[in-house]
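Visitor: If you're matching them up, the sequences are chains A and B in order.
If you read the first sequence in this note's numbering, its first letter stands for residue 5, the second for the next number, and so on.
If you read the second sequence in this note's numbering, its first letter stands for residue 357, the second for the next number, and so on.
What the hints contain is simulated information worked out from the structure, not anything from laboratory work.
A portion of the hints provided could be inaccurate.
To be verified - Below, computed lysine to any residue pairings styled on SDA-like, alpha-carbon distance capped at 20 Å: (1) B:K502 - B:R490; (2) A:K45 - B:P430; (3) A:K45 - B:E508.
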Amino acid sequence: MVAAVWIGPALAENLPEPVGHVARVEGAAYISSRGYTNAAKVGQAIVPGVGLSTGAEGALGVILGDGSVLSFGPHSELTLDDYRFAPAADELRLRATLNRGTLNLIAGDMARLDPQAISIETPDGRIGVRGGQVLMKVGP
Amino acid sequence: MALLAMATLAGCAQQSYVMLADNGGGLGGVVLGEDGERRLDASGQGIAIAAGLAFAVSDVRRKADFDRALAAQPALPERFTLHLAPSGQLDGAAEQLLDGVLLAARRRDYPVVTVIGHTDTLGHRAANEQVGLRRAQAVAELLRVKGLEAMELRVESHGERNLLIATPDATAEPRNRRVEILVR
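Please model the complete structure; the sequences and the hints are all you need to start from.
Guide: See the structure below:
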């Protein structure tokens, strides 16, 4: 089921470059992209702009390009507003909105290079993650 | 008294909050507020997102709120660093390390392997980005020859913009000349 795929720097001009992938799915977990919502699958690519959500018994784990890890408990909903990990171009940002639920976030290389690179928006305000492992809960 | 305590706890449970589970050896932390005036620096501390002061999060509460999210945490990414000898060649330990990369990839169902080339700050920035890319391509080729199986193999360069050892510009630092392999 595993095949070697080569992605050169010159390739993938039109398609949005994957910035991460789904690494774990339990129960009801979904990915929304361009207005379509589908059940999340392990190995599925994550691109900036996607919505990630879980149902009543669902849980979801993703890993992003800089090694940042995000995992969600049930009844969670997050939009990956912007993600760019390109140190050579001085572009480092992980911006997301957690609308509800619980998020476990382990900051990757991004935060080490720029402690202001990761910020999570919530209905109650913005959370800047300077590094380490952070847990957030956004009430209904 | 007991009733009051329960009511307070229930009130807290409704509130949106953030906690620092691990401060990453002192480098991690959380910043809140317009001017970043509210902060969490110590592991185990929590704070309401909207307003208020930091508090210690009890194990019971942490478990009740985050058990499921923590249980869904995937296998953490693994990092390997190849240091380059003065000649620019890979050192003697390289072979073993590359075998470690193959094993790490094999342990995952859908491995994504990123090979990242790094340089020191000696020379021009743009040139260093190219040097880093060539280093990464060479290591990616070695992995391919060894029979790496991955869902995706990415080859990137951070040039001189991701130093292992902080130095000023135009500084020769062998420890910064390296190729990093991230298996996730």
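Visitor: Going straight from one Cα to the other, do K45 of chain A and E508 of chain B come out at no more than 20 Å?
Guide: holds, 16 Å
Visitor: Straight-line Cα separation of K45 of chain A and P430 of chain B no greater than 20 Å?
Guide: holds, 13 Å
Visitor: Within a Cα-Cα threshold of 20 Å, do K502 of chain B and R490 of chain B meet the stated pairing?
Guide: holds, 19 Å
The earlier numbered hints are all upheld by this structure, with none contradicted.
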